[in-house]
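**Q** For reference, the chains in residue letters:
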Amino acid sequence: MLLTVNNLSVALKKSSRPIVQNLDLSIEQGNSLVILGQSGSGKTLTCKTITGILNRRRFEPSGEIIFNGKELLSMPPRKQREIYGAQIALIPQNPMTALDPSVRVGKQMAETLYLHTGLRGKKVKSKLLTALENAGLDRAEEVMQSYPHMLSGGMLQRVLIAMALMVDAKLIVADEPTTALDAEHRNAAVDAFISLREKGAAILLVTHDFGVASRLGGELLVMKDGKAIERGSVFEVLQAPGHDYTRALIEASRLYSLVPERRSLIC
Amino acid sequence: MSAYLRKRLLSFFIVLAGVSILSFLLITFSNTDPAEVIARRNYSGATEEMIEQVRIEMGLDKPMAKRYFDWLGGLFSGDMGISLYSFRPIREDFAAYFPTTLALTGLSLIWIVVISLPVGLLCARFKDGIFDHLTRGFTLLGICLPTFWLGFLLLIAFAVRLPIFSVVPAPGLKGLLLPSFTLAVPVICAFIRLFRSSLLGELNRDYVVYARARGLSPRRILLHHVMRNALPPIIILFCQYLGYMIAGGAVVEKVFSLSGIGSYLISSVLAADSNAVATCIVIIASVFVISNLVGDIASRLLCPWMVRETNV
Amino acid sequence: MFKKVLCNPQAVIGLVLIAVVLAAAVMAPMLAPHDPEAVDVTRKFAEPGKEYPLGTDQLGRCELSRLLYGARYSIGMSLPTLLVLSVIGLVLGCLSACSGKAVDRIFITVCDIFISFPSLIIAAAVIGVLGNGMQNIVIAIIISMWAWFTRMIRSYAVAEMGRDYILAARISGCSTFQIIVRHLIPNIMSQFLVYVSTGVASAILMVSGFSFLNLGLSAGAAEWGAMLNEARSSLYSHPELLIYPGACILITSAGFNLFGEALRDIIEPEEGQ
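Chains as they are written, first to last, in our numbering: chain A, 1 to 267; chain B, 1 to 312; chain C, 1 to 273.
Incorrect hints may appear among the rest.
Unchecked claim - Just a sample of chain C residues kept apart from chain B, beta carbon distances all over 10 angstroms, derived:
#, residue
1, Ser86
2, Thr109
3, Asp112
4, Tyr165
5, Arg170
6, Arg232
7, Leu250
8, Asn257
As the list claims (entries may be wrong) - If you want the footprint, here are the derived chain C segments under chain B, 3+ residues with CB under 8 angstroms:
#, segment
9, 90-102
10, 127-137
11, 261-268
Unchecked claim - Derived SDA-like pairs: lysine to any residue, alpha-carbon spacing no greater than 25 angstroms straight-line:
#, chain 1, residue 1, chain 2, residue 2
12, A, Lys13, C, Glu268
13, C, Lys101, B, Phe13
14, A, Lys227, A, Lys123
15, C, Lys101, B, Met58
16, B, Lys174, C, Glu268
17, B, Lys127, A, Ala252
18, B, Lys127, A, Lys199
19, A, Lys13, B, Leu200
20, A, Lys107, B, Ser217
By construction, these hints were calculated from the structure, which means they are not laboratory data.
Even for Gly, the Cβ is constructed at its ideal location relative to N, Cα and C.
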């Protein structure tokens with residue numbers, strides 16, 4: 001197993017009310033896991049805990065996160081930083097605000113690359129260009145020279161994917177990667193994750209969108225109020241949901257998606 | 001960028017023109033009649049005709065617009081007219097007083113940068129720690145302090161009780177250490193507060209979270225990313241204070257018995273020397289307007305995404 | 001809101017300081033043991049004692065009485081100034097925010113021109129033209145600060161005008177005047193109060209700064225800045241005469257600053273984070 005999460009709970013420090021309760025999950029290399037739930041279900045918090053960006057002043061995590069045989073939660077920060085960004089890459093919810101607005105994209109990529117591989121000088125540029133092209137960006141040279149505000153959300157997301165590619169991240173955690181994109185780019189984004197999986201990376205994708213889950217496939221975990229209430233392969237769950245809540249969610253999302261479908265018929 | 005620059009330069013020239021017109025109006029509306037003052041000095045018992053004569057010689061009978069452009073042209077060519085009090089060319093007075101002001105302001109700016117940037121960074125890095133709380137208290141105190149009083153306290157402490165410095169200014173750098181520090185303190189306090197809150201505001205932004213996910217250390221995030229983004233408001237304020245410090249220097253100059261532009265301005269006002277006052281005013285205000293422009297452009301270069309309205 | 005102010009220690013300290021200075025200003029004739037202007041050259045630099053609780057100055061005037069009367073100058077000049085500034089700022093700021101783009105630009109440019117003159121310069125100019133007098137100091141401070149007030153209130157108002165409830169009010173047929181009076185002013189009131197409170201503090205510092213430079217008040221006035229100026233010559237012999245007036249200025253401006261800051265923390269709790 002690449003990532004195993006055992007008995008993870010996350011509680012607010014002030015109230016000690018757990019927001020995520022006794023969560024177990026695991027992902028194998030070359031596989032994907034979709035965490036599905038509505039807002040407030042604790043899926044984003046889980047994602048933050050795994051990628052090490054949980055605000056430790058406000059939240060108290062407990063349990064175990066074992067990545068590649070090492071326990072992450074109890075690891076000293078210096079050691080943790082060698083893993084985050086290098087082996088575990090995050091694709092954040094809003095790509096538009098994820099990069100420092102005052103530094104050119106290429107420079108920020110080079111900064112991360114240097115930090116994790118020590119690579120600098122002439123080799124860096126060709127490596128960054130390859131990564132950007134592999135992530136599906138055509139004018140890679142131009143992208144590197146741009147400031148984040150000059151690029152669109154979809155392009156920035158590809159930049160972030162390229163950053164995962166350039167360090168050969170083993171696990172890619174994507175937090176609602178499709179919410180900030182318009183419908184056209186949604187499928188393309190999911191396809192990008194599929195191709196990452198084909199290259200051997202493990203994908204952990206958090207979403208509230210059944211369409212995204214069914215396109216990506218793989219394993220599925222449904223969360224409600226901080227607990228895992230259903231798990232299995234995406235297709236099994238969608239075909240025969242075992243839990244009333246899951247059934248209601250699927251029902252609701254079908255009703256909701258009726259509107260755009262009709263529209264597309266008219267057009 | 002170039003559209004922004006064009007817009008910013010346009011407003012710069014409009015403001016500069018407005019500043020010079022207001023300063024010029026001051027000479028026109030002042031109680032003292034330059035022709036009368038000059039005439040009375042040159043001829044004892046000057047009659048109305050003699051004053052009229054001087055007025056024509058000085059060109060004060062010309063229409064206001066003409067006089068304004070003459071005066072403006074004089075400013076640019078370095079001929080600022082003569083003082084109605086010392087009867088020397090104002091340019092010579094300026095040459096005598098300006099070096100002190102320049103040294104005083106320059107040294108204060110060094111104090112400001114050297115103290116407020118590191119303290120602000122430390123406060124933001126260790127928010128709510130002892131250092132942060134102490135700094136908050138001191139800076140609040142610092143912005144309530146009257147500068148001249150602080151100057152006297154420093155003099156009492158370091159010139160009377162512990163005679164390290166002298167009350168009468170020593171020549172050179174040593175004589176400017178206490179005055180420049182006094183001038184800098186309120187600005188330092190204001191800066192630390194603004195810088196701290198600007199840094200903390202940036203620390204809450206999304207890119208900081210993602211930078212952590214990229215594996216960057218908190219120190220690197222603070223110094224390479226957060227600071228860069230938090231600097232523009234500080235730079236803008238820094239440049240705004242420049243003009244204010246030249247004028248505000250008057251108070252400090254008086255405490256420490258220095259003679260700079262500020263005290264020249266005040267003594268000109270007390271001597272009803274409207275020519276010198278107008279020149280001082282237009283020059284100090286222009287310094288302010290120019291440094292403001294520099295600040296806006298510099299912060300724009302540092303943070304090119306910034307869509308700062310020039311006016312808010 | 002009121003309860004929150006009383007629960008905030010910083011605000012309470014600020015209010016207490018303001019109350020003390022206000023009381024001193026109002027009750028100065030009752031509290032002062034002597035006439036602040038009464039010169040007694042035979043008793044100059046008297047030690048503090050029963051008759052002169054804080055001693056006397058270089059002309060034998062009672063220091064305590066002068067300090068108490070000094071509160072009248074500071075408060076008496078800064079509060080009316082702020083009252084006028086508030087009215088000017090609210091009217092011009094709201095008008096600028098609600099009027100069209102061209103008018104707004106003109107307002108901003110005029111403000112920019114006035115902001116380019118440091119307050120000391122404006123005071124110098126006004127007093128140079130109008131001569132000495134308390135009302136001239138007030139005029140000078142108003143001329144130097146009105147643009148700051150207008151610009152600040154305009155930016156609050158512009159932010160508020162962008163909100164949906166203003167749009168809703170417009171759609172439901174409110175006139176611009178109604179929007180300003182019923183919606184805009186009540187909603188920017190709290191931010192405005194913060195600005196006024198810190199504005200009082202800076203007006204107090206300005207007043208004392210001007211009189212320290214002999215701008216505006218006649219010689220011998222019992223104003224704190226002027227007292228500091230007169231006590232300069234006794235720097236070696238009687239430094240305490242330099243300390244008292246400055247401490248009074250500090251207390252007064254600290255009172256208004258502390259209160260204003262606390263008010264801001266109450267209004268925008270996330271600001272301090």
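**Q** Output the numbers, in ascending order, of every earlier hint that fails for this structure.
**A** The structure breaks hints 2, 3, 6, 7, 8, 9, 11, 14, 15, 16, 17, 18; every other hint is satisfied.
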